[in-house]
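Start from the sequences, fold in the hints, and give me the full structure.
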Amino acid sequence: MEMDLRNLQGYANIFMTIFLVVMLYWYIIHLYRSEKKGVRDYEKYGNIALDDSVTSTPVEDKPASQREYKEENK
Amino acid sequence: MQSNAALEYDYSLAKKFTFLTILFGILGMVVGTLIAAQMAFPELNYLLGEYGTFSRLRPVHTNTVVFGFTVSGIFATWFYLGQRVLKVSIAESKFLMVIGNIQFWLYFVVALAATVSLLFGVSSSKEYAQYEWPFDLGVVVVWVLWGIGMMGLIGIRREKALYISVWYYLACFLGVAMLYLFNNMAIPTYFATEGLGSILHSVSMYSGTNDALVQWWYGHNAVAFGFTVPIVGMIYYFLPKESGQAIYSYKLSLLSFWGLMFVYLWAGSHHLLWSTVPDWMQTMGSAFSVVLILPSWGSAINMLLTMKGEWNQLTDNPLIKFMVLASTFYMLSTIEGPIQAIRSVNAIAHFTDWIPGHVHDGTLGWVTFMIMAAIFHMSPRMFKREIYSKKLMEAQFWLQTVAVVLYFTSMWIAGITQGMMWRAVDEYGNLMYSFIDTVTVLHPYYTIRALSGVMYLTGFIMFAYNIYKTMTSGRVLTEEPQFRTPMA
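One line per chain: the protein sequences are A and B, in this order. Taking our numbering, I'd label the letters of the first sequence as residues 5 to 78. Taking our numbering, I'd label the letters of the second sequence as residues 3 to 490.
Simulated from the structure, these hints should not be mistaken for laboratory data. Mixed in with the good hints there might be a few duds.
One side only, chain B facing chain A, incomplete, derived with CB under 10 angstroms [unchecked claim]:
1. 176
2. 255
3. 261
4. 337
5. 340
6. 484
Calculated cross-link-like contacts (lysine-lysine; reagent style PhoX-like; alpha-carbon spacing at most 25 angstroms) [as the list claims (entries may be wrong)]:
7. B/471 <-> B/386
8. B/392 <-> B/471
9. A/48 <-> B/310
10. B/310 <-> B/323
11. A/48 <-> B/162
12. B/386 <-> B/96
13. B/253 <-> A/40
14. B/17 <-> B/386
15. A/41 <-> B/162
16. B/393 <-> B/17
17. B/17 <-> B/323
18. B/17 <-> B/392
19. B/128 <-> B/17
20. B/310 <-> B/392
21. B/162 <-> A/40
22. A/41 <-> B/471
23. B/253 <-> A/48
24. B/310 <-> B/253
25. B/162 <-> B/310
26. B/253 <-> B/128
27. B/96 <-> B/162
From a predicted model like this one, the values you see are computed outputs, not experimental measurements. Even glycine gets a Cβ: it sits at the ideal position worked out from N, Cα and C.
The following block contains the structure:
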């Protein structure tokens, strides 16, 4: 079969699609595995919207080296 | 740095953009209702000479509701919820306040000037991208300023984790930037010809099939990154916050996000089925459109499940009603779109009124409902006053819901009738109907659509009045409500 540019584009598209689908499924597995292993609790991030006052304790604090407004504004 | 005063969120920018959202909303919907009426009663084309014709007003309608109303709503909600989920006040950085204010005023001037330019017939004639190059440049500067402000706020945040809504706003910023730049690439003729012709004229860098492909890659993804992504970002914040329920599954929200990012960009070629673009590209557009149901419904179902065990709120809080209905319309339009993208269905649906019907159950039912709900939620927090009238809100809800249903059902019937009539042939293979036959048959449905437009616009004016009265005479609140929005 003749391999012109259009065919190449088609094949590239199919392979990229398969690759990205695999990535997406891997991501699902990754999310559940890291939660099971205790690496990260994703569901706690849902609280960011509920407890969103400027003085609330962050769900995940930024390292002290980065910024410390809270102390400055006390 | 405000070391002496108690730290508070600064809503000045959110308020300014809220006013613009309402202003552009009214403007865009008035024009939309007028052009819907023109479809039913063509005499209405001659009210204002050349400035009142359908061809002039249609781009004014689409661009005002997209770049005026929706984008203002995106900015307003960003300047509100961006601070809250990052747990940082924008007023903590003078630089960000200055950038935000420049963004606001420049945006206001550019959006208004661009709208007026369309009214005067200055147009690049690319659908949803009609602004000519000087206005495009203005839009780019506004967008870059928003990006600087957004990244800046993220940079000084206290909350390390970026809440899912922030991801969506970031995607909106990056997606629109990329799409807008590429599709609007054009050569200004005045400079290319050393002074010939109008300075407000340009020629696209693409032509023929390539132009069509870039245009619909843009057109469809403008829906993705303007009408879907930021609105999902809004509902992920406002529904949990209003109901006091955390997102049902945060993991599902992350997965839906990446699914949406991955799939959406490939679906645009479904606008070009049965055209001259390569066949595999058309198939890809169809296939990806169908796959798109998964991430879209992933988000919508996640929102509905967030209300699990709390459905009683639907009956006594009209704001929850607005958001649940928005989510439901999101589901409806994201199943309808893939159906229309199937080749055989598209053979009937393409170029018919079913398409604007589909667009409007998404924009009226999903986008506008969500933006109004967001403004209702933000108002008592921004103005420190109770919502003026719960009854008015309820009445508005039902009026607009009926309006959306009338709009899309009339367009379903009109579109399918139209599609069937266009392709009907007699026993010898001759077409059975001329174009005007379809127009005659469709007249009642066009009238229903115009009526639904009047109803929806009336509802929006009720909304604007309710917000105005909230600002001016709502009961003053002594402290910020935590979850449920207080209303009289």
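Against the structure, the hints come out as follows:
1. At its closest, the beta carbon of residue 176 of chain B sits 18 angstroms from a beta carbon of chain A; the interface hint therefore is violated under the 10 angstroms criterion.
2. Checking residue 255 of chain B against chain A by beta carbon gives a least distance of about 8 angstroms; that is within 10 angstroms, so the hint holds.
3. Annotation: interface hint on residue 261 of chain B holds; nearest CB of chain A at approximately 6 angstroms, less than 10 angstroms.
4. For the restraint placing residue 337 of chain B at the interface with chain A, the shortest Cβ-Cβ distance is roughly 21 angstroms, beyond the 10 angstroms limit, so the hint is violated.
5. Among the interface hints, the one on residue 340 of chain B is violated; its C-beta lies about 17 angstroms from the nearest C-beta in chain A, farther than the 10 angstroms criterion.
6. Proximity of residue 484 of chain B to chain A holds as hinted, the smallest CB-CB distance being about 8 angstroms (cut-off 10 angstroms).
7. A threshold of 25 angstroms between alpha carbons decides the hint, and for residue 471 of chain B with residue 386 of chain B the separation of about 13 angstroms falls inside it, so the pair holds.
8. Restraint check for residue 392 of chain B and residue 471 of chain B: satisfied, since their Cα atoms lie roughly 12 angstroms apart, inside the 25 angstroms limit.
9. A distance of roughly 18 angstroms separates the Cα atoms of residue 48 of chain A and residue 310 of chain B; the hinted pair therefore holds under the 25 angstroms criterion.
10. Pair hint residue 310 of chain B plus residue 323 of chain B holds up; C-alpha atoms about 14 angstroms apart against a cutoff of 25 angstroms.
11. Pair hint residue 48 of chain A plus residue 162 of chain B holds up; C-alpha atoms about 13 angstroms apart against a cutoff of 25 angstroms.
12. Note on residue 386 of chain B and residue 96 of chain B: the hinted pairing holds, with a Cα-Cα distance of about 24 angstroms set against a maximum of 25 angstroms.
13. Between residue 253 of chain B and residue 40 of chain A the CA atoms are separated by roughly 13 angstroms; this keeps the pair inside 25 angstroms, and the hint holds.
14. With a CA separation close to 12 angstroms, the supplied pair residue 17 of chain B and residue 386 of chain B stays within the 25 angstroms bound.
15. Proposed proximity of residue 41 of chain A and residue 162 of chain B is supported: the alpha carbons are some 22 angstroms apart, at most 25 angstroms.
16. Our distance criterion of 25 angstroms between C-alpha atoms is met by residue 393 of chain B and residue 17 of chain B, whose separation comes to about 24 angstroms.
17. For the hint pairing residue 17 of chain B with residue 323 of chain B, the CA-to-CA distance comes to about 24 angstroms; that is within 25 angstroms, so the pair holds.
18. In summary, the hint linking residue 17 of chain B to residue 392 of chain B is supported, as the alpha carbons are separated by about 21 angstroms, within the 25 angstroms threshold.
19. The hinted pair formed by residue 128 of chain B and residue 17 of chain B fails the criterion: a straight-line CA distance of about 33 angstroms is larger than 25 angstroms.
20. Simply put, residue 310 of chain B and residue 392 of chain B have alpha-carbon atoms about 24 angstroms apart, close enough for the 25 angstroms limit, and the pair holds.
21. Restraint check for residue 162 of chain B and residue 40 of chain A: satisfied, since their Cα atoms lie roughly 22 angstroms apart, inside the 25 angstroms limit.
22. Of the pairs offered as hints, the one joining residue 41 of chain A and residue 471 of chain B is violated, with about 53 angstroms between alpha carbons and a cut-off of 25 angstroms exceeded.
23. Proximity of residue 253 of chain B to residue 48 of chain A is assessed by CA-CA distance (about 10 angstroms); at most 25 angstroms being required, the pair is judged to hold.
24. For the given pair, residue 310 of chain B sits about 17 angstroms from residue 253 of chain B by alpha-carbon distance, which is consistent with the 25 angstroms threshold.
25. A C-alpha spacing of about 29 angstroms is found between residue 162 of chain B and residue 310 of chain B, which places the hinted pair above 25 angstroms, so the restraint is violated.
26. A hinted pair counts as satisfied when its Cα atoms are at most 25 angstroms apart, and residue 253 of chain B with residue 128 of chain B does not qualify at roughly 39 angstroms.
27. Between residue 96 of chain B and residue 162 of chain B the CA atoms are separated by roughly 22 angstroms; this keeps the pair inside 25 angstroms, and the hint holds.
Hints 1, 4, 5, 19, 22, 25 and 26 from the earlier list are contradicted by this structure; the remaining hints agree with it.
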